[in-house]
Amino acid sequence: MGGNFDNAGEVSSNIKTVLKQIGLPKDVIRKAALVAYESEINIVSYARKGMIRLRVVPESIMIEAIDEGQGIPDIEQAMQPGFSTANQKIREMGFGAGMGLCNIKSFSDVFHISSEVGKGTHLRMIIRASSAVLNS
Amino acid sequence: MDLESIVKALNLKVRSGEDKLKAEIRGGYTGDLLSDVMANSKEGDVWITRQVHQNIVAVASLKEHAGIILVHGNEPAKDTLEKAVKGGVPIMVSDLPGFEVIGRLYALMSKTG
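Sequence lines, in order, name chains A and X.
Oh and the first sequence: position 35 is 34 in numbering that gives the first Met the number 0, straight run, nothing missing.
Oh and the second sequence: position 56 is 55 in numbering that gives the first Met the number 0, straight run, nothing missing.
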């Protein structure tokens, strides 16, 4: 639920547990945990409510973050490292450094973002599992 | 090097995770921006920060840090401590400023390898 930082990170923690149980390579889990965490924090920080969907197939993990909220007027600007619209309260906790979306993008193999002002934002990330298996 | 040696050498006050002090420390990371810590710290790191709110426990446990050192006498918030106890995440407190904690820790870890 948006605005509630008390349990922020719990969804990501559950996702990590599931991925560990599946037995995916550490590197893949590390990427997925980061992508899930940053998405979760974005929902808590900026949306009214949202969900994180995880889909795992042998070749890849897909994480989707779908929220109902203010949306992003200028996606290009939002993707700039350091750009943030976070309020003081969020920044005091060490969030809102303008790194979230950039980190999500750099830790994903496929990154897709769409947003509608006043409605919400939809992120879709894919992390390849097979290439990581070969590399590890 | 394990957490227990660091606790002794730096005279840290242990606030949670007393049973995890035998954990091997692989390295360290310092930062107060959670995105930075999420992206750049590694498993087995000891995390040095001045953030005291409960989200540090989520970050440390997601990243599988060996533990968290709070600097400059900053104590964990009540709900932070509750989460850390529940999740078995060691939180240690130093009265020294961050610069000194990191300096001493770095010297100690470089010496012992």
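Incorrect hints may have been included.
Claimed, not checked - Chain A is faced by these chain X residues, among others (derived, beta-carbon under 8 Å): (1) Leu32; (2) Ser34; (3) Asp35; (4) Ala38; (5) His52; (6) Ala57; (7) Val58; (8) Ser60.
What the hints assert, rightly or not - Distance condition first, Cα-Cα at most 30 Å in a straight line; then the derived DSSO-like pairs of lysine-lysine: (9) Lys12(X) x Lys77(X); (10) Lys19(A) x Lys7(X); (11) Lys19(X) x Lys25(A).
It should be emphasised that the hints constitute simulated quantities derived from the structure, not laboratory data.
Idealized CB from N, CA, C, for every residue including glycine.
Q: State the violated hints by number, sorted upward, taking the hints as numbered earlier in the document.
A: 10
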